[in-house]
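Undergrad: So you can see what is in the structure, the chains are spelled out below.
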Amino acid sequence: MLALDRIGKVYPNGVNALERFSADIRLGEIVAIIGGSGCGKSTLLRAIAGLDRATTGTVTLDDIKVTAPHAKIGIIFQEPRLLPWLSVADNIGFGLSDLPANIRREKVAAALARVGLSDKAGAWPRELSGGQAQRVAIARALVPQPEVLLLDEPFSALDAFTRRDLQDHLLDLWADTRPTLLLVTHDVDEAVVLADRVLVMRPRPGRLFEEIKINLARPRDRASPHFDNFKRRVLTALDRSLDRGVPDADAKSTTGEAMWW
Amino acid sequence: MAMTLDTIAAPKPDTIATPAPSGRLRRYARPALGLLLPVGLALGWEIAVGLGWSNGRLVPPPSKLFATIVELARSGELTRHIVATLSRVFAGFGLGVVAGTLLGAVSGYWGLARQLLDPTVQALRAIPSIAWVPLFILWLGIFETSKIALIAVGVFFPVYLGVMGAILSVDRKIVEVGRTFRLSGPAMIRRILLPAVLPAYVVSLRVGLGLGWMFVVAAEFMGASEGLGYLLIDGQQLGKPAQILAAIAIFAILGKTTDWLIEIATAPLLRWQDAFGRQGGAT
Chain Y
1 MLALDRIGKV YPNGVNALER FSADIRLGEI VAIIGGSGCG KSTLLRAIAG
51 LDRATTGTVT LDDIKVTAPH AKIGIIFQEP RLLPWLSVAD NIGFGLSDLP
101 ANIRREKVAA ALARVGLSDK AGAWPRELSG GQAQRVAIAR ALVPQPEVLL
151 LDEPFSALDA FTRRDLQDHL LDLWADTRPT LLLVTHDVDE AVVLADRVLV
201 MRPRPGRLFE EIKINLARPR DRASPHFDNF KRRVLTALDR SLDRGVPDAD
251 AKSTTGEAMW W
Chain H
1 MAMTLDTIAA PKPDTIATPA PSGRLRRYAR PALGLLLPVG LALGWEIAVG
51 LGWSNGRLVP PPSKLFATIV ELARSGELTR HIVATLSRVF AGFGLGVVAG
101 TLLGAVSGYW GLARQLLDPT VQALRAIPSI AWVPLFILWL GIFETSKIAL
151 IAVGVFFPVY LGVMGAILSV DRKIVEVGRT FRLSGPAMIR RILLPAVLPA
201 YVVSLRVGLG LGWMFVVAAE FMGASEGLGY LLIDGQQLGK PAQILAAIAI
251 FAILGKTTDW LIEIATAPLL RWQDAFGRQG GAT
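Chains as they are written, first to last, in my numbering: chain Y, 1 to 261; chain H, 1 to 283.
Where hints are given, some of them may not hold.
Said to hold, decoys possible - To give a feel for the contact side, a few chain Y residues facing chain H, derived at Cβ under 8 Å:
#1 Y11
#2 A49
#3 L51
#4 I75
As the list claims (entries may be wrong) - Here are some chain Y residues the structure puts well away from chain H; computed CB gaps all over 12 Å:
#5 A3
#6 V10
#7 L27
#8 G57
#9 Q78
#10 E79
#11 P100
#12 R126
#13 E127
#14 A137
#15 F161
#16 A175
#17 E210
For the record, the hints were derived by calculation from the structure and aren't laboratory data.
Yeah, the Cβ is synthetic: ideal placement off N, Cα and C, and Gly gets one too.
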C-alpha cells in the first residue's frame, strides 16, 4: 500500500504548492489526480517519486519511508525522455543493467512485443513518432516491474486519437501485473476512463478537494450515459474547486466544461 | 571526341534526375564541390602567370609551388619538418586535451570546484597565450618543452570551456531519468553525462586542434631549427615566397586532415544525433 500522510511542499521562493495531502492507495488501484493549474499535482507526484523532498509529511510504500527514488516506484513523464544515444531496445533495458545480458535481452524483447514495437528495436528515438516514443517510455518504466507507477500527464502532448489508443494500451499493460497507477492529468475523459478513484484538487495552496469513486466495469464505454454521468460529476467538482459559484453538485450542469483549466 | 563527351555527359542526367540523391552523387559530388573553389583559383593564377599577366615573383604559381614541395620532399627535408611539427602538435594537443578535459569535467560536475577554479581559469584565459612565450622560454628553455607547453596552453582553454559548458547544459530532464533509475554517481557520469556531452566535446576537440595548429607556428617562430614554422621564417629571410606558400599549403592539408580524422573517428559515436547538419543543411 502507498500511504501519503499530510504531504506539504513550500518552495524556497515561498510558494506554498501543496498542503496536508493525505491518501491511502491500495496495491493495484488506479487513481487519477486532477485539478486546475497550480494545485500541486506535479509537486505531489515528484515527492512520491523521490525526485523532490516534501517539506512536511511522509510517503510510505509498504511501511518503508520514501525519500529518494525507489526501486518499486516507476515514473512516466509528460515527455518520453528517451535517451537519444541509445536504441529503442537499449532505452527499454536501461533500468535492467543489474541483470545478466541474456535475461535482459529476453525481457526487453518481451516488452517490445507487448507495446507492439518489435520492429523498432534497433531504431533511434529520433525515428519514432510521439505516440511510439511514449510507448517506449511506458515499456521502460514497466519492465523493471514496479509496484507503483506514477504518470505525470503522460498523454497530454499527443493527439486525441493517439491518446485514446495509449489509454487503452496502458490499461492492457496494467492488467498484466496490476501495479498501482497514480496518474496526474487535466483530461477529465482520461481520468474517468482509467481510474477507480478520481482525486480532485484545488489550487493555492494545493489541497485535496474531493474524492470521486468511479464504479464502472472495465472496459469502459466512453459513449455510455454512466460514463457521461461520472464525467459531469468530476467537472462539477472541478468547477467548485475553483470557486466558480456552482452551488451544488448538480449532475446536469456542464458550466465551464471547456474552460475550467 | 564525341564519344568521350558522351561518356562524360551520360551519367549526369540520371544522377541529377533521381529524386533522392544517389549514393554515387553523395560520395563524389560533395567533396568535388568543395574542391571547386581552390582548384579554380589555382588554375586561374597558373594561367594568369603563364600568359604573362603577372610575373609571379611574390605570388608564385601553383606549378612552382608544387616543384618546391617535390624538391623538399626529395631531399628528405620535408619529412623531417613535417614530423617535427606534427609531433609538437600531437604532444601539445594531447597534454591540453587531458588537462582541459579533467579540469572541465571537475568544474562542470562539482559546483564547489567550479566556484574555486573557474574564476582563476577564466582570468588566465583572458591572457593572450603568446604572452606566455618569454616566460616559458625562461622556465623551460628554448627547445621542445617550451613549444609543447605553449601549444598545450592554446588547446587547454577551448577544451576546458567546452567540457564544462557541455556538462552544465545537460538536460535536467534526462538527468532525472537517471535519478529515477537510481544511478550511482559514476554510473550517472558513464551512462548519462558522458554520452550527453559527447557532441559538444567533439566540437571543442576540433576547436582545440585548430588552436594547436595556430600555436605550433607561434612556437616555431620563437627559434626552431626544424618544423614547418621554421620553413616559413627561413623562406622570409632568404626571400623564397614559394617555400613560404609551400609550408602554408602543407599546413592547410595537415590541419584539414587531422580535423577530418577527429570527425570520422567520432562519427560512429554520434550517429544518434537528430540535427539540422545531419541532413546536409538547407539545400
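Undergrad: All the hints need checking, so say for each whether the structure fits it.
TA: Hint check:
1. Y11: Cβ of Y11 of chain Y sits 16 Å from chain H, so the hint is violated.
2. A49: Hint on A49 of chain Y: holds, closest Cβ of chain H at ~6 Å, below 8 Å.
3. L51: holds, 6 Å
4. I75: holds, 5 Å
5. A3: Holds, since 20 Å exceeds 12 Å.
6. V10: At roughly 21 Å from the nearest Cβ of chain H, V10 of chain Y sits farther out than 12 Å, so the non-interface label holds.
7. L27: holds, 20 Å
8. G57: holds, 21 Å
9. Q78: Contrary to the label, Q78 of chain Y does not stay out of reach of chain H, its closest Cβ about 10 Å off (not over 12 Å).
10. E79: The claim is violated: E79 of chain Y sits with its nearest Cβ about 7 Å from chain H, within 12 Å.
11. P100: The assertion about P100 of chain Y holds, with a minimum of 17 Å to chain H.
12. R126: violated, 4 Å
13. E127: violated, 9 Å
14. A137: violated, 9 Å
15. F161: Holds: least Cβ distance 25 Å, greater than 12 Å.
16. A175: A175 of chain Y clear of chain H: closest Cβ-Cβ about 24 Å, beyond 12 Å.
17. E210: Holds, because the least Cβ-Cβ distance between E210 of chain Y and chain H comes to about 30 Å, which exceeds 12 Å.
Comparing the model with each earlier hint shows violations of hints 1, 9, 10, 12, 13, 14; every other hint is respected.
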